[in-house]
Amino acid sequence: MARFRSAGYSHYVDGTGRVHEHDTFTCRHCQKLVKVPAFAKPEDVGGLCYVCMAPVCPQCTDKGQCDPFEEKLKREEASYHARRSYL
Amino acid sequence: MARYAIHNRLGGTQQSLSTSFKTIVAATAATATLTSAKIYEVAIGQDGTLNATDCQVVWDLSRQTAAGTSTAVTPTPLDGSTRAAGTVGSANFTAEGTITAASSVFTQSVNQRGTWRWQAADEGAMFVIPATNLSGFALRALSPTYVSTAVGEVKVLE
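Protein sequences, first through last, are from chains D and E. Remember, our numbering sits 3 above the position in the first sequence when you count from 1. Remember, our numbering sits 21 above the position in the second sequence when you count from 1.
If you are wondering where the hints come from, they were derived from the structure by calculation, not from laboratory data. A virtual CB, placed ideally from N, CA and C, is assigned to each residue, including glycine. Incorrect hints may appear among the rest.
Okay, the calculated bits of chain E under chain D, using three or more residues with CB under 8 Å as the criterion [stated by the list, open to error]:
1. 87-96
2. 164-174
Partner residues are not named here, just some residues of chain D that face chain E (Cβ under 10 Å, in silico) [to be verified]:
3. 19
4. 33
5. 40
6. 46
7. 47
8. 54
9. 75
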């Protein structure tokens, strides 16, 4: 999964001092952090959106539509600036 | 681009955890210094007296849209930047802010002796703080058993 441009790394030390490390990816549609166990199949940890060509979490995969988070942010910020323009 | 660290040992009094979520640290945008930022690292752990019963602490990073009652902390520049951060740091909440329902981008249960750290390997993995007043992320924790303090840190790029 590290080849995707949404990759991250999780480093967990448990109560016994044992270290658990995972690759992660951030869902391009909702920004949810998804852990990727070693050798996991892509369909087991979410999926690949073929519109924005980015990994997405299982919930967004199930929705079956492409709504990248950047577009949501643009809408939120446009709404905010429009409301402020009336002040 | 400049990088900053925001954690709850920068100011205020650390609050003990309880069975409901308590925000440890938050990073939000503010009208006066409106800027979009990205969280590229999150680190969590417990620094208080351990409970005699082995137990877990549940951490959560969710979107916040309105401020609660907290201590303002100044984000610490990490790369020698002389510019003050546009992102507002808040720590050790005594009253929760408004958290957007179902906006959690991660939740992690850790042992009371455990720690967890996440780092984004590239910009596409970072959590985006929108340039909208009071919008941002709250790093929260709860525990059914552990009743002491915790340390949370977020690092932002703006």
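So, going through the hints one by one against the coordinates:
With 0 residues bearing a CB less than 8 Å from a CB of chain D, the region 87-96 of chain E misses the requirement of three and the coverage assertion fails. A count of 0 residues in the region 164-174 of chain E with a Cβ less than 8 Å from any Cβ of chain D is obtained; the coverage claim is therefore unmet, three being the minimum. The restraint placing residue 19 (chain D) at the interface with chain E holds, with a minimum CB-CB distance near 8 Å, inside the 10 Å limit. The closest approach between the C-beta of residue 33 (chain D) and any C-beta of chain E is roughly 8 Å, which is under the 10 Å cut-off, so the hint is satisfied.
Proximity of residue 40 (chain D) to chain E is violated relative to the hint, the smallest CB-CB distance being about 15 Å (cut-off 10 Å). Among the interface hints, the one on residue 46 (chain D) is violated; its C-beta lies about 20 Å from the nearest C-beta in chain E, farther than the 10 Å criterion. A least Cβ separation of about 18 Å between residue 47 (chain D) and chain E goes past the 10 Å threshold, and the interface hint is therefore violated. Given the 10 Å rule on beta carbons, the hint for residue 54 (chain D) is violated: about 15 Å separates it from the nearest Cβ of chain E.
A distance limit of 10 Å between C-beta atoms decides the matter here; for residue 75 (chain D) the minimum to chain E is near 9 Å, and the interface restraint holds.
Hint violations for this structure: numbers 1, 2, 5, 6, 7, 8, all remaining hints satisfied.
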